[in-house]
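We have chain D already, so just place chains L, S and P on it with the hints.
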Amino acid sequence: MANKTKTVAEIVRTIPDGSHIAMGGFAIARNAIVVVHELIRQQKTNLTLSQGVAGLDVDLLVGAGLVSHLIIGGGSLDRFGPNNCVNRARETGSVVSHDYTSLSICFRYLAGALGLSFMPIKSLLASEVLERLETGTAAEDLRRMKCPFTGEEYLLLRSLTPDVSFVHVQVADREGNCQINGPRWENEEQAKAAKRLIVITEELVPTEYIQRSPERTVIPAHRVEAVIHQPFGAHPTAVYGCYDYDADHLKLYVDHSRNPERFKEYIGTYVLGSGDHWEYLEKVGGLAYLEDLRAERLLGY
Amino acid sequence: MANKTKTVAEIVRTIPDGSHIAMGGFAIARNAIVVVHELIRQQKTNLTLSQGVAGLDVDLLVGAGLVSHLIIGGGSLDRFGPNNCVNRARETGSVVSHDYTSLSICFRYLAGALGLSFMPIKSLLASEVLERLETGTAAEDLRRMKCPFTGEEYLLLRSLTPDVSFVHVQVADREGNCQINGPRWENEEQAKAAKRLIVITEELVPTEYIQRSPERTVIPAHRVEAVIHQPFGAHPTAVYGCYDYDADHLKLYVDHSRNPERFKEYIGTYVLGSGDHWEYLEKVGGLAYLEDLRAERLLGY
Amino acid sequence: MTAEIHATEIMAAAGARELRDNEVVVVGLGLPQVAAVLAKRTHAPGLTTLLEIGVMNMNPKDTPVGLADSRIFYHATTWSGFLDVMGMNLHRGIVDVGFLGALELDRFGNINTTLLKEKSQKVRYVNGSAGGNDVASLAKRVIVIMRHEKRKLPAAVAHLTSPGFVNGRSRSELGLRGGGTHRVITNMAILGFDPETHSAALLSVHPGVSVEEVVENTGFALRIPKQLPLTQLPSKEELRLLREEIDPKHIYLGS
Amino acid sequence: MTAEIHATEIMAAAGARELRDNEVVVVGLGLPQVAAVLAKRTHAPGLTTLLEIGVMNMNPKDTPVGLADSRIFYHATTWSGFLDVMGMNLHRGIVDVGFLGALELDRFGNINTTLLKEKSQKVRYVNGSAGGNDVASLAKRVIVIMRHEKRKLPAAVAHLTSPGFVNGRSRSELGLRGGGTHRVITNMAILGFDPETHSAALLSVHPGVSVEEVVENTGFALRIPKQLPLTQLPSKEELRLLREEIDPKHIYLGS
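Chains as they are written, first to last, in my numbering: chain D, 1 to 301; chain L, 1001 to 1301; chain S, 2001 to 2255; chain P, 3001 to 3255.
In short, the hints are calculated from the structure, not lab data. Each residue gets a CB set at the ideal place from its N, CA and C atoms; glycine is no exception. Treat the hints with care, since some could be wrong.
[Said to hold, decoys possible] What follows is a set of in silico ranges between Cβ atoms, one per label pair, in the way DEER data are often shown:
| hint | chain 1 | residue 1 | chain 2 | residue 2 | range |
| --- | --- | --- | --- | --- | --- |
| 1 | L | Tyr1209 | P | Gln3121 | 53 to 63 Å |
| 2 | S | Gly2093 | D | Ser94 | 20 to 30 Å |
| 3 | D | Met145 | L | Ala1002 | 38 to 48 Å |
Pulled out of the complex, with its shape left as it was, chain D reads as follows:
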């Protein structure tokens, strides 16, 4: 059995500038923060990011200036606030943002996952979302078509096949078989659409554990290039069944992200000022503090 565990630093070194990276988070849940921080430490540039509903992961990467292009369905930090860095980048034009919807991003990944070069859809039509896409650089990813069977008008979406997808999961074995607890948004389609797939897991289990409930394997080992084992790897976002979002830290983040200078301070302190994720976890409060975020078994949060 192959042991695919790698450190995040090793993996991030293999990501070329200009890559299209798909991020597996949703708002403030299961964001691959350990990878985001390392991408910032290694100062990758000119990245394209794609995601259904962007959260802290994308906001951090855009704020830190690594990103030139976004392909997203929307996003926010839920009640903690908007993605200030993403919105500022849109406003200043420092990032080209192709703004889709949750389902259209999911369908673009689905096409990629199925090896289809396109997928039809019945949303987006008659909206300014589509008008902006069709009159911008996204035009090459969109076509109109009438169904040859029903005559109904469809929008055709070009498939999305990211260079690499990072998905944060609760459980994986060393070969890469993964279980995801709680809702999975577009993780499965995104992971299987990508050319390279890296998973970050809270818990490493023996393959025997996977074999006890093979119905739960959402991502199979042979699709996975590497497994990064990092407990609290999604902090300050939530991982169902493992730990809650860190409300205090998210407030602190949003407070900083409203202003570019203060955002730089945040990055300086928490990301560049931490050699790795363990140091970051010490900095945000350490063991006793994190234990307080741990999920209550019965509630899952």
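Below, chains L, S and P alone, put in the same frame as chain D:
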């Protein structure tokens, strides 16, 4: 909470002649035999059946003369033999059979499940499977198309939306939330493509059981019209984790199905000669015999 | 007791009453979720509630801060993903009601959740569509819950994120499957849409609110019927559920 | 010991040797499954084996009678469905090898699994495609395991279920993605396909089989190289695995 449990006789009475029925079995596994027998007892006619890989369920219905049209990807009774009744009906022309492949049937259901009227595919091309479909009555369900993004040639498949789908599962609650243990072939897409969905379950569980592992709910309650509770409802086919296929009975079946007269005897004895599935189960051997087929917990068969 | 009832409580109860038993509802963050849970715990126990991230029939515990908060998907009966909820339910055409919020909504029920234009024409981006456009395109009817302010109800939205009846055209003319915006529930009134012209009409005002106030706070002309009913207030039991069980911390219902 | 080795054992071992470590293989019923399991337990421990019904990395226990037999999907690492295995793996283009059986195979590697024509031209239907056509259309290379009989290796198949190099045309000319039929492993020999003409060529004969016998039992002209190697026999360990662990009841390997 709605209690959707119904008897098989009640449900089958609501199926009009001429319906398009999707069967959820695969070869000799999880065939909804309890429904098949009742359809034969109530002498439904002119049915269209669709399925990925047809097994005993379809062979029985075709042999009993209920079927005028098949839409299938293939089929057999594995090592026990071919679907003799299906093959005979093809040879005599008593059934119009649209013969697809596993994936193309799955994609047709997927389109139906997603509310898309068509789905592209890259198999079937350059085969006599396609040639026969395109030169027959299936032509209206098929078109060729070039991908507007890549120029690649695709076959477009029309969606399949059966009037009713019957899926045999291991676990359901009274509202219709279902878990399927073991591989699921095209059950999810087929179930969600159908206009009406009836599940047959080996075990009825309280909803609290479903809520303990919501990731396992492959079919959600609101899609389900009725739940038929019938232990050993798939006999003589296998239900993973519940019971093994009945090799002796399958041999007896194949022995009868080779010849139309002997097939009639089989139907007379086991189907028409049994008032309901409990009587059938007594006839094939009763409790002690069936206990012998029960799955060994650790092995699952 | 009426005086004590908060407008958001009227909105939640009105939202709940728009839902019929056994319907399938896609719910967004905040008041829509509160309204759906209220309906389910009162007259619509057979309601199926869906969250786009892949949740069915959640039984929220404590007060969730968003869709990705496990408090909202507690004790659900299904955890799946976008493809299941938004593809195999919404796009499949079996969602009766889509329950949305809005930054802006115009007279034809078009919704903006993407950006705001300041007087200087400077653009301020907000969250974008997420599932909003998909829901508005595909649900059989759409119910919007939002604050009633003139700038939030303009003649035309600053960005048409999610289509209602664009330029007053019918849904089939627009090539859209869903039924479009059906109700707008605000802190002052309930609006509907004329079946012919597809433009907004006043259906009821909340007790204590005058028609003039509504008109003053609406950025487009409203059709106003001669007989204008008052919006039904939440019952005691509805108030108890809202205050004690569904949003005890008053995160969504104000205080 | 050679004399005791059954032809099906040579076939299984030859099939196993066509697989490289870390490849992804879709396996059909019977000898293909036996060959893949043998490869995984010898030189290719990193092999990923897929069954179309939705199984990955099965570790068969006892001898299964078919894909839907839980003995074959025992202790797998994934149980999913067609959409995952055939859609998100095979159609996605990441399946290296498709391992198929055949009723008939012709000189261009086209496969028939649908029907047989009797001399009277009467048609006898058999199983049809199931996943066979999909695998032949999409896998990077296809390996067929079948009995070597003149009627099973005709100049043209009675029904072209699964395309190899139809009419000797290249895969891209045919609009197909996969690499087409790569090897045919029979009880007498191993065949390959000429990269230019796409017609069948003899690659090796099994020990004890003459070239004449092969030619006599083949319904089309075979390209025969001057230096014709013998097929490598199964090793002692391979035989032990086949006989004691993988097919102890000799259901697939003869007796």
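Cross-check of the supplied hints:
{"no.": "1", "hint": "Tyr1209/L to Gln3121/P: 53 to 63 Å", "in the structure": "58 Å, holds"}
{"no.": "2", "hint": "Gly2093/S to Ser94/D: 20 to 30 Å", "in the structure": "40 Å, violated"}
{"no.": "3", "hint": "Met145/D to Ala1002/L: 38 to 48 Å", "in the structure": "40 Å, holds"}
Checked against the numbered hints listed earlier, the structure breaks hint 2 alone; every other hint is satisfied.
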